[in-house]
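Note that the working numbering numbers the sequence shown so that position 130 is 162, with each residue one more than the last.
Hints are computed from structural coordinates only; laboratory data are not their basis. Remember, predicted model here, so these are calculated numbers, not experimental data. Please note that the accuracy of each hint is not assured.
Across the chosen pairs, the derived CB separations fall in these ranges [stated by the list, open to error]:
(1) Glu-67 x Lys-330: 41 to 51 Å
(2) Asp-83 x Thr-268: 49 to 59 Å
(3) Arg-194 x Lys-341: 46 to 56 Å
(4) Pro-236 x Asp-83: 38 to 48 Å
(5) Ala-241 x His-81: 39 to 49 Å
(6) Gly-321 x Phe-352: 47 to 57 Å
(7) Leu-221 x Arg-109: 17 to 27 Å
(8) Gly-410 x Ser-56: 30 to 40 Å
(9) Arg-248 x Leu-221: 18 to 28 Å
(10) Trp-71 x Ser-40: 43 to 53 Å
(11) Lys-362 x Glu-282: 16 to 26 Å
Backbone N, C-alpha and C define an ideal beta-carbon position, used for all residues, glycine too.
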Amino acid sequence: MLVPADISDRRLVGVHAEHVSNVSSSEFPGHYPDEDYRWDLTEFKRLLHLDITRLSQRSIELDLVGVDASIANAVRRTLIADVPTLCIEAVFVWNNTSLIHDEILSHRLGLIPLNADPSFFQMRGGKSSRYGYATPRRVLNLCSFFLFLSFFLAELENATDRDTLVFRLEVSCTRNPAAPPHSNDPEELYIDHIVTSGMLKWVPQGEQAELPQFQRKPPGPTNPNIVLAKLRPGQTIMLECHAIKGYGREHAKWSPVATATYRLHPSVKILRQPPPHLVRKFADCFSPGVIKIIGEGKPEARVEVDAWKERNESMSREIFRHPEFADCVKLGRVRNWFLFSIESEGPYAPEDLFPTAMNVLRTRIDVLRRAVEALVAGNDETPEEEVDEEGAHGGGADVVMMDL
């Protein structure tokens with residue numbers, strides 16, 4: 033999808049040498065004489081576009097056109113904070129003789145993204161860390177054995193196969209009897225001297241082993257090559273991890289995305305052709321490929337904007353540093369054209385993240401709609417109503433409609 037050549041200046045945010053202009057939209061009722069900008073559903077549908085420009089195994093880039101910045105930012109924040117995933121929350125360290133401390137090792141375990149589908153699991157009592165058990169952020173002092181045992185029993189009492197995944201890590205470093213006598217390479221001298229996330233073994237609980245989705249793809253780390261610790265002969269790590277469902281708003285480890293960003297689509301308009309002998313200098317002021325040179329080296333050399341690569345412009349404003357090009361170009365950004373870049377880091381496929389976030393927003397809008405309807409109806413005793421923790425299609429948030 034290309035930016036129309038006749039795009040209205042009202043839709044553009046002006047980018048100048050030392051400032052930006054026309055930042056806020058002026059297309060609202062009563063601002064322009066004889067022009068009606070009242071919101072219309074039919075017109076909104078006509079102008080709304082969603083195009084996927086690039087899709088890979090872990091990331092997606094898409095264009096969202098025709099919405100306000102508040103909507104685009106709400107989608108971005110929802111992707112980061114309100115789409116649920118499963119992560120390790122409780123760590124029980126039975127034996128750790130490595131150099132890395134228990135709390136540091138637990139913190140690293142908590143940050144490992146897991147490939148378990150959160151739609152198959154329930155929230156632990158609606159809140160995580162409810163029972164005060166050992167967590168990667170607050171590891172119990174193992175010197176107090178009875179305190180540790182009491183918390184472990186409390187965790188076992190409250191955990192079920194519908195809200196918890198259990199992983200175990202048992203690894204010991206030994207010398208390699210077949211190592212060359214004069215070798216200094218740890219890869220040849222030792223066995224299991226690097227502890228990676230792939231060594232976490234899933235331990236099915238209850239009916240988990242019978243679920244078809246787990247039989248096809250057992251839960252585990254999305255990346256098996258994350259280094260957790262390094263050992264030497266005689267050192268051992270033995271621990272058990274409990275993963276539960278949560279949201280990124282509580283801790284970043286539950287965020288399903290590594291990055292979720294957007295930027296406004298650039299607009300580059302050539303007002304005057306630069307001198308033929310300066311066309312190369314002119315093109316070098318922009319990101320590679322944005323400006324095409326036609327007839328370079330000839331007296332009639334000229335430049336034009338490559339409409340397909342215009343989106344790659346970084347808006348560095350390098351062009352304004354050269355007085356000879358001061359009036360040759362007009363820079364801007366399309367106010368309602370958002371270029372999203374989303375990188376998945378977890379169980380969701382990149383193409384599923386955006387629809388899941390939209391379903392979460394729709395669930396919240398439905399809560400607000402019912403609250404407004406109750407207010408208009410004059411119901412003074414609006415019952416407290418809580419949205420399903422799963423939201424729509426596995427997404428959601430702890431949204432409660434209180435008395436108005």
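Taking the hints in turn, this is what the structure says about them:
One distance hint, 41 to 51 Å for the beta-carbon pair Glu-67 and Lys-330, holds here, with the actual separation near 46 Å. Under the hint 49 to 59 Å, the C-beta atoms of Asp-83 and Thr-268, about 53 Å apart, fit the expected range. Checked against the hint of 46 to 56 Å, the pair Arg-194 and Lys-341 passes, with Cβ atoms roughly 50 Å apart. Our hint of 38 to 48 Å for Pro-236 and Asp-83 holds, since their Cβ atoms are close to 42 Å apart.
A C-beta distance of roughly 46 Å is found between Ala-241 and His-81, which places it inside the suggested range of 39 to 49 Å. Gly-321 and Phe-352 have their C-beta atoms about 20 Å apart, which leaves the hinted 47 to 57 Å range violated. Remark: the range hint 17 to 27 Å for Leu-221 to Arg-109 is contradicted by a beta-carbon distance near 49 Å. The given range of 30 to 40 Å is respected by Gly-410 and Ser-56, whose C-beta atoms sit roughly 37 Å from each other.
With their beta carbons about 39 Å apart, Arg-248 and Leu-221 fall outside the hinted range of 18 to 28 Å. The supplied range of 43 to 53 Å is broken by Trp-71 and Ser-40, whose beta-carbon atoms lie about 18 Å from each other. Between Lys-362 and Glu-282 the Cβ separation comes to about 46 Å, which falls outside the hinted range of 16 to 26 Å.
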